[in-house]
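Student: Spelled out, the chains give:
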Amino acid sequence: MSSLQSLDITRRSATTTPSPQVRNTVDVAKLIDVSKCIGCKACQVACSEWNDLRDEIGFNVGVYDNPADLTAKSWTVMRFTEYVEQDGRLEWLIRKDGCMHCADPGCLKACPAPGAIVQYSNGIVDFVEEHCIGCGSCITGCPFNIPRIDKKDNKAYKCTLCSDRVAVGLEPACVKTCPTGAITFGSKEDMHVHAAERIVDLKERGYKTAGLYDPPGVGGTHVMYVLKHADKPEIYHGLPNDPSISPLVSVWKGALKPLALLAMGFTALFGFFHYVKVGPNDADADAADETHPDSSAGPR
Amino acid sequence: MEHDPRFPIQRYTDSERINHWIVAISFMLAALSGLALFHPALFWLSNLFGGGPWTRILHPFIGCVMAAAFLSMALRFWHVNRLQARDKQWLRQWRDVVGNREDKLPEVGKYNAGQKLIFWLMVICMVVLFVTGILFWRPWFADSFPIWVVRAATVLHAAAATFMIIGIIVHIYAAIWVKGSVRAMTRGTVSRRWAAKHHRAWLREKTGQ
Chain A
-6 MSSLQSLDIT
4 RRSATTTPSP
14 QVRNTVDVAK
24 LIDVSKCIGC
34 KACQVACSEW
44 NDLRDEIGFN
54 VGVYDNPADL
64 TAKSWTVMRF
74 TEYVEQDGRL
84 EWLIRKDGCM
94 HCADPGCLKA
104 CPAPGAIVQY
114 SNGIVDFVEE
124 HCIGCGSCIT
134 GCPFNIPRID
144 KKDNKAYKCT
154 LCSDRVAVGL
164 EPACVKTCPT
174 GAITFGSKED
184 MHVHAAERIV
194 DLKERGYKTA
204 GLYDPPGVGG
214 THVMYVLKHA
224 DKPEIYHGLP
234 NDPSISPLVS
244 VWKGALKPLA
254 LLAMGFTALF
264 GFFHYVKVGP
274 NDADADAADE
284 THPDSSAGPR
Chain B
1142 MEHDPRFPIQ
1152 RYTDSERINH
1162 WIVAISFMLA
1172 ALSGLALFHP
1182 ALFWLSNLFG
1192 GGPWTRILHP
1202 FIGCVMAAAF
1212 LSMALRFWHV
1222 NRLQARDKQW
1232 LRQWRDVVGN
1242 REDKLPEVGK
1252 YNAGQKLIFW
1262 LMVICMVVLF
1272 VTGILFWRPW
1282 FADSFPIWVV
1292 RAATVLHAAA
1302 ATFMIIGIIV
1312 HIYAAIWVKG
1322 SVRAMTRGTV
1332 SRRWAAKHHR
1342 AWLREKTGQ
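If you read the protein sequences in the order shown, they are chains A and B.
Numbering (this note's numbering) for the first sequence: -6 to 293.
Numbering (this note's numbering) for the second sequence: 1142 to 1350.
Please note that the accuracy of each hint is not assured.
[Unchecked claim] Calculated Cβ distances over 10 Å to all of chain B for the following chain A residues: (1) Ala61; (2) Thr64; (3) Glu75; (4) Cys128; (5) Gly204; (6) Pro209; (7) Leu254; (8) Asp277; (9) Asp279.
[As the list claims (entries may be wrong)] With a cut-off of at most 20 Å between alpha-carbon atoms, the simulated EDC-like pairs for lysine to aspartate or glutamate come out as follows: (10) Lys270(A) - Asp1237(B); (11) Lys1320(B) - Glu1248(B); (12) Lys34(A) - Asp45(A); (13) Lys201(A) - Glu84(A); (14) Lys34(A) - Glu164(A); (15) Lys1320(B) - Asp279(A); (16) Lys29(A) - Glu190(A); (17) Lys1245(B) - Asp224(A); (18) Lys1245(B) - Glu84(A); (19) Lys29(A) - Asp275(A); (20) Lys1251(B) - Asp275(A); (21) Lys145(A) - Asp1284(B); (22) Lys1320(B) - Asp277(A).
In short, the hints are calculated from the structure, not lab data.
Each residue gets a CB set at the ideal place from its N, CA and C atoms; glycine is no exception.
Next up, chain B with everything else stripped away, as it sits in the complex:
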């Protein structure tokens, strides 16, 4: 089937997709509840979670679900996200990337350099969010740490969350912008044309074409 041009190409397995969507859903919930507590202008978002106290109670548990699911996803995908020499050239030509002049770019494997950078940004942010989140989680852990640790953890948590949300906005936009990408995560397949245009080296590796 992989070699028959009439069929689409499998990009993500069932379990990879389920894993991704557990991360995505828990991210949305964690981000909305976190933003409610971050800026007064967004405190109304706490209504989505049953009010202020429930938002405070749920947020860290949602975060733990996200961190666990993300760990599983990162273990699946880290090796295809290793940065390579050709990624530098791709990044250097970022103008061609945003200008839809993809034909001028070097060949791309399963992920392009932008996707890889997003991946590693998410890894770093997730580690910071998880560790700092534990440090000021009340009423369970915060009292066990010196106040300066709690303060540093709080500000780092907010900063890492900001970078993560910005990264995810880019991630979602890229999926809308590059047509045919969303289906990779919803149905697991991409068209042969999609693969040939955006990930030619991956297509060749997959089909030998």
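Only chain A is shown next, with the shape it has when bound in the complex:
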């Protein structure tokens, strides 16, 4: 996969030894300024065009969201929320949903197939579908409900952050196409600076709680939002407030894994040494000893 330096893999699913760490590349990030988004869905179209994805034409379910949810062939979806503020004003919140590219990815942690999920040194989390076994553990591990399994090939898919474009110095397709400049891309550091400017601007314009969404519970993300109401991310179509990998997933993929194997190994080993020490429990040998008293004289 990664013969390009820009796609050095630093973390690999179901791999217990470290991946190459030596080369230092810049962390990238995509910044989505929700306050600038007009909900035109050009990013959805650009995504499907660049990635050669043609999703089924679905049905209108009575809301602007189209398609109604992320699918194996729709890696990003505009989420529309009609939010009524305390003073009765209606606000239309539009959030571009898709993979957040966590620094500590729950999908990668949960995946049992070696190398099916990788994290490049630039921070992008990518699915390598030819290694995917279709078990859905990535869905179990993801704190953002992002991966989707295709019904035909049973492989998991999600936003790649256009890793192929980024690898050759281009910005992701959604960024390139966004007509309002709501989506920007660059080094994570630069995106922090840009976000800070935007937040100052929003605060001046009365959005007192404007802020950056870069949740520390998952080690920060390589897709970040500027939110007008950063104190209530959940109003943006359920964007989790303080997401982290579920403790159930951490136990399953953390302590349980080595402890269970150790317990099995020690049980077998204990059995072996028990046999070596006390020997078999043999009714017929006892009987033989009774018939030939001499043989019971020695140790047994």
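Given chain A's structure and the hints, the job is docking chain B onto it.
Tutor: Below, chain B without anything else, positioned relative to chain A:
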């Protein structure tokens, strides 16, 4: 024949043995495929099943065969595995058990207290494995349940499987350790001496001796 000391004693009927071995074979396959998906160090076991995707596809079906065969076996044997007062004394003397000082132990019926505990451990583990396995079986059922249910089911499935595998290691070791036991499940019979030493109350019940 039961009363003639020259003949061995029937411990398991043909259908009981076939039932047991269907459970045993499906357990081995389910355990190996499950371990392949449980720990990266054991992912190579997926080669035994034709690769990762085939391991993922086959594992739950093998599990269903095991659960069905186990249900049939549990219905045959649950009543002889009810814990009794004398089992407590047997357990209290576990040092005599592992030290091959069986003559000091209280008389045992068809099963001793250790065998009974293994039986009930297997019943509990099998119920947990079956129910939780359905809950996160993809692509069929997992999408119908909330994510926290899927997560809880996954971790419980792994924990129950761990206990079951440990229980089966003990079960297999006990069969190797107590000579003459394996033949009970392969040929269906045990020697009179075996029965008298390990399951005297059962022998008496069977033969009136």
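Student: With reference to the structure, classify each hint as holding or not holding.
Tutor: Hints, verified against the model:
no.	hint	result
1	Ala61	holds, 14 Å
2	Thr64	holds, 12 Å
3	Glu75	holds, 25 Å
4	Cys128	violated, 5 Å
5	Gly204	holds, 27 Å
6	Pro209	holds, 21 Å
7	Leu254	violated, 6 Å
8	Asp277	violated, 6 Å
9	Asp279	violated, 7 Å
10	Lys270(A) - Asp1237(B)	holds, 14 Å
11	Lys1320(B) - Glu1248(B)	holds, 19 Å
12	Lys34(A) - Asp45(A)	holds, 17 Å
13	Lys201(A) - Glu84(A)	holds, 15 Å
14	Lys34(A) - Glu164(A)	holds, 18 Å
15	Lys1320(B) - Asp279(A)	holds, 11 Å
16	Lys29(A) - Glu190(A)	holds, 14 Å
17	Lys1245(B) - Asp224(A)	violated, 71 Å
18	Lys1245(B) - Glu84(A)	violated, 81 Å
19	Lys29(A) - Asp275(A)	violated, 82 Å
20	Lys1251(B) - Asp275(A)	holds, 18 Å
21	Lys145(A) - Asp1284(B)	holds, 16 Å
22	Lys1320(B) - Asp277(A)	holds, 8 Å
When held up to the earlier numbered hints, the structure conflicts with 4, 7, 8, 9, 17, 18, 19 and fits the remainder.
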